[in-house]
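Asker: The listed protein sequences derive, respectively, from chains V and C. Everything in the first sequence is counted per my numbering, starting at 266 for the first residue and increasing by one. Everything in the second sequence is counted per my numbering, starting at 5 for the first residue and increasing by one.
In case anyone wonders, no lab produced these hints; they're calculated from the structure. Among the hints, a few may not be true.
[Claimed, not checked] Sample of chain C residues facing chain V (criterion: CB under 7 Å; computed from the structure):
#1 V54
#2 A75
#3 A88
#4 L125
#5 L139
#6 G157
#7 P160
#8 V199
[Claimed, not checked] With the Cβ distance kept under 8 Å, some of the chain V side facing chain C (calculated, not the full set):
#9 D267
#10 T320
#11 L323
#12 L324
#13 L327
#14 L329
#15 S343
#16 W350
#17 V354
#18 V357
Note that this is a predicted model, so its numbers are computed, not measured. Quick reminder that beta carbons are idealized off the backbone N, C-alpha and C, glycines included.
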Amino acid sequence: MDIRFLTLLLVCQLIGEVATAWLAWPLPGPVLGMVILFGGLVIRGAVPARLSVVTTSLLRYLSLLFVPAGVGVMLHASLLAREWWPLSVALVGSALCTLIVTAWVMRALQPRLDKES
Amino acid sequence: MVAEFRDIWVYLSTSPLLHLTLTLSAYVAGEWIFERTGQKPIFNPVLIAVLVLVGLLLATGTDYRTYFEGAQFVHFLLGPATVALAVPLYRQLHHVRGSLLAISAAIAAGSITAVTTAVGLAWALGGSRTTLISLAPKSVTAPIAMGISEKLGGLPSLTAVLVIVTGVFGAAFGSWIIQSMRIRDARAQGLALGVTSHGIGTARALQLGELAGAFAALAMGLNALATALLLPLVGRWLWG
Chain V
266 MDIRFLTLLL VCQLIGEVAT AWLAWPLPGP VLGMVILFGG LVIRGAVPAR
316 LSVVTTSLLR YLSLLFVPAG VGVMLHASLL AREWWPLSVA LVGSALCTLI
366 VTAWVMRALQ PRLDKES
Chain C
5 MVAEFRDIWV YLSTSPLLHL TLTLSAYVAG EWIFERTGQK PIFNPVLIAV
55 LVLVGLLLAT GTDYRTYFEG AQFVHFLLGP ATVALAVPLY RQLHHVRGSL
105 LAISAAIAAG SITAVTTAVG LAWALGGSRT TLISLAPKSV TAPIAMGISE
155 KLGGLPSLTA VLVIVTGVFG AAFGSWIIQS MRIRDARAQG LALGVTSHGI
205 GTARALQLGE LAGAFAALAM GLNALATALL LPLVGRWLWG
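Construct all of the structure, not just a fragment, from the sequences and the given hints.
Answerer: If you want it as structure tokens, here you go:
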């Protein structure tokens with residue numbers, strides 16, 4: 266793990282956080298940081314190998330990182346008990362619609378691909 | 005002896021080490037169950053870890069603030085990890101070549117459908133403002149969805165759980181639904197799974213094949229970016 270590239274990630278995040286706060290732009294700071302890093306990669310035209318080592322090890326256990334926040338749902342037990350019905354219907358209904366619409370639009374615009382499996 | 009144990013417990017329960025260790029242990033246990041059950045989406049490691057930890061905290065009467073003092077070290081890495089998502093997004097970008105129009109139209113349509121149907125259905129069934137905001141980014145990868153939810157005045161922790169449940173649902177039933185529409189193109193399957201179910205859908209798409217997996221990863225990244233850029237602007241106007 267190369268400390269310079271870990272620092273680069275933090276610098277991108279810091280710029281993102283500061284810029285979004287300063288401009289009162291309702292974009293999460295780390296997302297702007299991601300756009301900045303992405304722009305850098307496009308300009309450079311390749312991913313430096315040592316950056317890749319850092320991002321791969323961070324992203325390998327990405328799902329672990331949202332466990333602490335997920336546990337915070339215990340603070341909202343009463344909201345869940347009150348609104349479980351609109352929440353579950355919206356969640357299932359919306360997921361079904363999203364799956365169908367995305368797959369259908371892709372096929373409608375590229376019908377020739379449909380023969381492949 | 006009993007008094008000594010109590011002293012140790014008092015020390016441990018106020019030190020961040022205990023809850024940091026518990027967080028990692030619960031996740032490792034979740035991964036173990038997930039692997040042992042043949043990687044069925046329903047046995048999602050995060051979902052298992054969250055359930056185990058909530059159960060433990062309730063059983064020991066520990067409040068969330070105390071728990072978070074330990075868990076914050078893991079939570080902090082969400083920011084740098086979000087920035088790191090630029091690398092896989094950059095790597096998947098070459099798939100866009102040649103089908104730019106179809107891919108961007110499919111992702112845009114899916115992205116808009118995900119937000120409007122979720123908010124619309126919850127609103128029609130009497131969901132509160134907080135619920136609508138927390139639900140809106142539910143198809144976006146968790147770190148970014150939580151950021152959007154927070155910026156709009158929702159509950160990031162509720163969003164995290166809704167994101168995971170959406171991911172699990174889409175991954176469990178997604179490929180079956182798309183196949184029942186008789187769409188067999190791996191690209192369309194991957195895009196649909198990635199837009200609907202972010203990282204969990206991408207993991208499922210990878211089981212279908214490398215091409216489906218790559219398109220799911222691309223769809224997850226672009227959907228997250230589009231939603232993060234546009235939803236806060238629409239949300240400010242709707243809920244501001």
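Asker: For every hint, state whether the structure bears it out.
Answerer: Hints and how they fare:
1. V54: With a closest approach of 4 Å, the V54 (chain C) hint holds.
2. A75: Holds, about 3 Å.
3. A88: It holds, given that the least Cβ distance between A88 (chain C) and chain V is near 4 Å, below 7 Å.
4. L125: 4 Å, holds
5. L139: Nearest chain V Cβ about 6 Å off; hint holds.
6. G157: Given a least distance of 10 Å, the restraint on G157 (chain C) is violated.
7. P160: Holds: closest Cβ of chain V sits about 6 Å from P160 (chain C), inside 7 Å.
8. V199: 5 Å, holds
9. D267: 13 Å, violated
10. T320: Hint on T320 (chain V): holds, closest Cβ of chain C at ~4 Å, below 8 Å.
11. L323: Hint on L323 (chain V): holds, closest Cβ of chain C at ~5 Å, below 8 Å.
12. L324: 6 Å, holds
13. L327: 6 Å, holds
14. L329: With a minimum Cβ separation of about 5 Å from chain C (threshold 8 Å), the hint on L329 (chain V) holds.
15. S343: 12 Å, violated
16. W350: This hint holds: W350 (chain V) lies near chain C, its Cβ roughly 6 Å from the closest one there, short of 8 Å.
17. V354: This interface hint holds because 6 Å falls under the 8 Å limit.
18. V357: OK, holds: V357 (chain V) within 8 Å of chain C, min 6 Å.
Going down the numbered hints, you'll see the structure goes against 6, 9 and 15, while the others check out.
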